[in-house]
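Engineer: Sequence:
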Amino acid sequence: MFATELLEEARKFMHHMLTKVVEYGGSDLFITADFPPSIKHQGLMKPFGQQELTAEKTKLFAYSLMNQKQRKEFETELECNFAITVPGVSG
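41 is the number that this note's numbering gives to position 41 of the sequence shown; each next residue is one higher, with no gaps.
Because the hints were derived from the structure by calculation, they are not lab data. Warning: the hint list may mix true and false statements.
To be verified - Only pairs whose alpha carbons sit at most 30 Å apart, straight line, appear in this in silico DSSO-like list of lysine-lysine: (1) 40 x 72; (2) 46 x 59; (3) 57 x 20; (4) 46 x 12; (5) 57 x 46.
As the list claims (entries may be wrong) - Beta-carbon label-pair distances, calculated as ranges: (6) 2 x 43: 31 to 39 Å; (7) 43 x 9: 14 to 22 Å; (8) 82 x 34: 21 to 29 Å; (9) 30 x 88: 31 to 39 Å; (10) 52 x 28: 12 to 20 Å; (11) 46 x 5: 28 to 36 Å; (12) 89 x 49: 16 to 24 Å; (13) 57 x 86: 17 to 25 Å.
These numbers were taken from a predicted model, which means no experiment stands behind them. Ideal Cβ positions, reconstructed from N, Cα and C, are used throughout, including at glycine.
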């Protein structure tokens, strides 16, 4: 679906965004089509910038963090809940 190099670049971007969430004291990162990436901080949604994400970019960012099993689950169920750790940031 996506080239390996593109997935790796997207994964690095997502790790950067997740690092920013931790730095800002946020609890969640939201990646949604037609909205800019946003963090949840003290119960409020705060966007990172103003650029809205396309559906394709949103899928790329999500897939960059998923393994094959999770991608298949997402394609079948249209949702997939998972957690990740960012080396040096979360443990």
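Engineer: Could you work out which earlier hints the structure fails to respect and list their numbers in ascending sequence?
Structural biologist: Numbers 7 and 9, in rising order.
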